[in-house]
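J.: Residue numbers (this note's numbering), protein chains in the order written: chain A, 1145 to 1282; chain B, 514 to 778.
Calculated directly from the structure, the hints in this document are not laboratory data.
Quick reminder that beta carbons are idealized off the backbone N, C-alpha and C, glycines included.
Some hints could be false.
[As the list claims (entries may be wrong)] A few chain A residues facing chain B, derived, Cβ under 8 Å: (1) 1154; (2) 1168; (3) 1251.
What follows is the residue order along each chain.
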Amino acid sequence: MNLRSIVLLDLIGLLLVLWTFHLVRVRRLYAGYGVIFSATTAITMVMISVPGVQAVVTTAVGATYPASALTLLALGFIILTLLYAFTQLTILSDRLADVVQLLAIRDAERAATIGTEPDRSAAASSRPNSHQRDALNT
Amino acid sequence: MAVDGDAARDVVIDPLRLDKPGADVSPSRVLIAIPAHNEAPTIRGVVERILRAVSGSDVLVVDDGSDDGTAAALDGLPVMVASHYCNLGYGRSVQTALRFAALHEYHALVTLDADGQHHPEQIPDLLEAFDRTNSDLLIGSRYVQSDPGNTTPWPRRTGMWLFSNLVKLTTGTTVKDTSSGFRVVGRRVFHLLTRRSFVDFHAEIIVYLLCLGYRVTEFPINVSTRLHGRSMYGPLNYLKYPAKMLLVVPINVIEARLIRRRARS
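Start from the sequences, fold in the hints, and give me the full structure.
T.: This is how it looks when you write it as structure tokens:
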């Protein structure tokens, strides 16, 4: 890879890391996802920039064919799509958490106002038990 | 279809709030909250100890999607229960308590763990120190004074040493115990901590509040061995959690500085 390509790819990587930071800052991307994206990008940048590392990794993983420009485009597409999907997931998840919090507060307020216990049976029945969770996880 | 981010979540600091008087920590203005997830064996005992130790304060248990009957274990006790319909995690449970406290205009929120590690008998001392030091966040610290009864495992202690230094590096303030769940939060910061989500309410909010000019202090506490259950930090979290903190702490520093700049202009 020539110097111009290395500089260009590093620049793209840097922009991706900064964009990820921005998304985490404005709460559109969970910090956990942000760590995965920025760490992967940083490692890729090191592999591209440090002479010899790329060849070592290529040999270690057993790749036998050179990466074409088309592969790079496909990788870029996958990364952007993943970032978009995780952003949407974060926003929806945050909204769900807000709703769950408000419902919990309203239940507690109602119970405190009318002096009755909240409808815990409804909450419990809507919640998967440990067996159901195991089934979902498998 | 794309989901738009919620613009209303942007925190805009109201400088007037900084001039508001400190919290009234008389018992009727204090909410004691216990985030709990599958803590049925211990929660009743913890709440009973709180009711004995602090009379006149409201107690809120945030049941974070437990399926072991944690909420049912409180039947007959004069406490409020906010039950999450699904498990949202520790940070969101604390935030539910903060939202409740803000909605009902409590002056201070005390949080403590549901596993019996914290001593509710120390709440009056914490509140007294909170009032005396005019704090916005008072952390019940295990490491201000050496505590022979302390049973924190070494990986966690190492983590806390790292986070403590991260806080010092970013704010210049020494906070020895950044991950204590026993703390008092004042009303001046309720709005800041409820308008956006946080990974948890540990190093991240300490840095955030310090950078915004709020007062964070520590008060020595004793802790006992956990009576039931496991730590919420599993083996994988010893890697994941520091990585997350290394990302979010600098981000919070930047965010706080931007907020201060916006408030000044």
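J.: If a hint holds in the structure, say so; if it doesn't, say that too.
T.: Hints and how they fare:
1. This hint is violated: residue 1154 of chain A has a C-beta 20 Å from the nearest C-beta of chain B, more than the 8 Å allowed.
2. A cut of 8 Å between beta carbons decides the hint on residue 1168 of chain A: the least distance to chain B is about 6 Å, and the hint holds.
3. The closest approach between the C-beta of residue 1251 of chain A and any C-beta of chain B is roughly 6 Å, which is under the 8 Å cut-off, so the hint is satisfied.
Comparing the model with each earlier hint shows a violation of hint 1 alone; every other hint is respected.
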